[in-house]
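Colleague: Heads up: the sequence lines are chains V and X, in that order. Here the numbering used here runs 6 ahead of the position in the first sequence, where the first position is 1. Here the numbering used here runs 6 ahead of the position in the second sequence, where the first position is 1.
Keep in mind that the hints are not guaranteed to be accurate.
[Stated by the list, open to error] Quick list of in silico lysine to any residue cross-link-like pairs, SDA-like style, CA-CA up to 20 Å:
{"#": "1", "chain 1": "X", "residue 1": "Lys66", "chain 2": "V", "residue 2": "Lys129"}
{"#": "2", "chain 1": "V", "residue 1": "Lys112", "chain 2": "X", "residue 2": "Gly105"}
{"#": "3", "chain 1": "X", "residue 1": "Lys112", "chain 2": "V", "residue 2": "Pro96"}
[Said to hold, decoys possible] Covered by chain X, per the in silico footprint, the following chain V stretches (three or more residues, Cβ under 8 Å):
{"#": "4", "segment": "114 to 127"}
{"#": "5", "segment": "296 to 310"}
[Stated by the list, open to error] Under 10 Å between C-beta atoms, here's a sample of chain X residues computed to sit facing chain V:
{"#": "6", "residue": "Glu33"}
{"#": "7", "residue": "Gly93"}
{"#": "8", "residue": "Arg135"}
{"#": "9", "residue": "Asn183"}
{"#": "10", "residue": "Trp184"}
For the record, the hints were derived by calculation from the structure and aren't laboratory data. We put the beta carbon where it would ideally sit given N, CA and C, even for glycine.
There are 2 protein chains.
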Amino acid sequence: MTFEKKNIPKKSENLSQWYHRVILEAELADYGPAKGTMIFRPYGYAIWELIQKELDKKIKDKGVDNAYFPMLIPESLINKEKQHIKGFSPELAIVTIGGGQKLTEKLVIRPTSETIIYDSFAKWISSWRDLPIQLNQWCNIVRWEKRTYPFLRTSEFLWQEGHTAHTSHKEATNMVNWAIEVYKDIYQNFLALAGYVGSKSDLEKFAGADKTMAYETLMPSGKALQSATSHDLGQNFSKTFNINYQDKKGKNQYVWQTSWGISTRCIGGMIMAHGDDNGLRLPPKIAPVQVVIVPVKNDKDLLKYANKVYKIISEQDIRVKLDDRDDETMGYKINKWELRGAPIRIEIGPKELKEQNLTIVRRDNGEKINLKFFLISKLNQLLDDIHDNLLKDTKEFLDKNTFDADNFDQFKKIMKTTKGFIRANWCEDIECETKIKELTKATTRCKTNEKIIKGAKCLYCDRNAKAQWLFAQAY
Amino acid sequence: MTFEKKNIPKKSENLSQWYHRVILEAELADYGPAKGTMIFRPYGYAIWELIQKELDKKIKDKGVDNAYFPMLIPESLINKEKQHIKGFSPELAIVTIGGGQKLTEKLVIRPTSETIIYDSFAKWISSWRDLPIQLNQWCNIVRWEKRTYPFLRTSEFLWQEGHTAHTSHKEATNMVNWAIEVYKDIYQNFLALAGYVGSKSDLEKFAGADKTMAYETLMPSGKALQSATSHDLGQNFSKTFNINYQDKKGKNQYVWQTSWGISTRCIGGMIMAHGDDNGLRLPPKIAPVQVVIVPVKNDKDLLKYANKVYKIISEQDIRVKLDDRDDETMGYKINKWELRGAPIRIEIGPKELKEQNLTIVRRDNGEKINLKFFLISKLNQLLDDIHDNLLKDTKEFLDKNTFDADNFDQFKKIMKTTKGFIRANWCEDIECETKIKELTKATTRCKTNEKIIKGAKCLYCDRNAKAQWLFAQAY
């Protein structure tokens, strides 16, 4: 166990270095031996388990069943849907040798599982009675990435992917909307991370989808992070994979499909958005340690009192830890738990013991509170307050860094200086989108719900705008 | 949803076909498109989730932390430990292409994770303060197998693998023993599957271990199934990977290590051991549906009563399902739920409604019980009885099919006819072991705790026996 706060630069001075160092020093993760891979250490994996537990419950409550499909996809299968393979082929890791033999057909490690799952759907679905099929799987995914970042973009990552098939487009649309609302809920009420929901442009949508809905958050660098997506696949895959059924009238119909996913990337977004110069600030709902108790020294009476406090707190379903290591000083422990982002630190010294109270330090704002021992039950409220405060911070940051641009000069200037989201009208022509990206590195992130004024022009060309969109440079 | 009981041969007549058909028709699993892979369908995956939930709790209670290491292992890393790679090299799946480029170093898909995890241990461990490290991961594994069987042996499977490092061999031994006891507990108290615990021979132990403990069960074919293993790795890997630490006296020491795992294979063993001619018989603790309520017809009063029953049962933490589909007959549903192995079926007809009672059918022995409505609380006891009965069956089968052989002629005769486990004395020489296997297909499964009589001879040669061993043909 080492941790060296001095190795960590200020967040405001070097965000990228700060990010890498905090992840390593807080023991969230480490680099794997193969290029672009990462190791989820227990403290980082515990965050993923907390997210999984919450999301898995929501998925099951919706009537979606967990399943598991093979990771290795025959090349011929993944090549079936043309748009899909076009999007994913640059990122594939391919197995060519098995059991000492060159394989007759290459196997692709899943970059996502549409093709292998829908191959089975075609076998399993024959009547309207078999529908809807609503499946989800928790698994690992491999996408060969050139530039990698722990959590945010790694060759292998963990995610959940939902896959459903329905008798009507309306039912599929409901599922797409349900999924993106669930992700929004996880981001806001669990990760305390404000963001925008909207549909992606044709250029930016999922390869093989008719429409993609996304949750987009804003990082301190002013860059956007695509944080979760939900896809209306229409009948694209069902026609390619021949997934059809007899309807009640005996007529053959293709199914309507959806897929949706959220990955361990969300942990990266959370780290970047909430952290400060002292390290992580974990939102209470995903903090493996919500409350840490640090006795100023390990003497008998203090430890007895600390243990009593520990017991009462743990009985309230709070994830609490008593740090009674005797090989670290109080100062070292304080730095360590600030770095590790525990939302509440309780300091216990002779004064606290004598007065039967607790010194409580909030990680989010550093505030010190003196709490009477018998008021320990207030801790849950305090954890909620910390969550709300972190969410408020990201909401304010998002609002403050979302700009309106009436013309392309304004747009360029913003993208050169502050960055952030820009609301602008767009003709929805891919040529303008490509040109804007070329000139400013900004891409369309998602469409807003704002009605545009009749006759409003596209940000870039002179044609009429079709809608208002959010633009940003993206991770 | 199709199911065709008529496609399923009798278990006693064709075990292998019975096994494959039951798995498909009960919708536990399906074949994947790549050779030797399988799809875990929701009903099969739910069994794994129940096992995971129980085992994960035990692992965490022991102070072992979950983590996640990359699936892709550089070839140079996996080649480091000579015994280890010798054991695994015939089974490797290898990635040679990434992102459209031929890789400069091939990447192996993990067949187990010792090498990649211990590479990190070497980085993370420097002082006695860093020990013990106790990690576990839930993940997928790929081993290229020539002959595959759903659940029992597939190219890709799911498992948990625990990996620990300690300052003393004693501490490591305690961990090895703890793990095998936990697996025994899961098998007996969860999967209702009796078996033997003992150490493996040098030939059969894990590649790279000093000693392997195994849980060995017996399948109806008379063949043994290695059902879970726990390895004492000694200092083999720590010396190869240079995992050392400074002890309290400042002296450099190598760590002592263990690894242990249980896989989705356990579901295959459970299916084979418990099933009968009508399909699955699921032990209650791992049954996704413990109680199914089948109204004889979907009329209003019956459904109302059935819903009332459903509500009361579900309030008792029993996994209950009301099958009120209106496109299947009562007979079809009875067959379906027998095939799917629900431990208790409740039939509700006009007579039951009138008399305010329930007709209960036990899946394990077919017994019909008339239960007064107000005695629903007895169901939990009944589920326990069913578990005990299934476990007793496998225990009796195990005892009845464990034989003693005093000489090799007896041994050969048993292996030709009934098969099963044979207790026999062995000199522990690998030459005898190899010869016995060649002549009878039987391998050593594990050592027993029986003391042997002084001067007892080896089953095969004339030398003195070292211990009593269990032999069997194995899956």
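Colleague: Please go over all the hints and tell whether each is borne out by the structure.
Modeller: Each hint tested on the structure:
no. : hint                : in the structure
1   : X:Lys66 x V:Lys129  : violated (40 Å)
2   : V:Lys112 x X:Gly105 : holds (14 Å)
3   : X:Lys112 x V:Pro96  : holds (18 Å)
4   : 114 to 127          : holds (count 4)
5   : 296 to 310          : violated (count 0)
6   : Glu33               : holds (9 Å)
7   : Gly93               : violated (14 Å)
8   : Arg135              : holds (6 Å)
9   : Asn183              : violated (23 Å)
10  : Trp184              : violated (19 Å)
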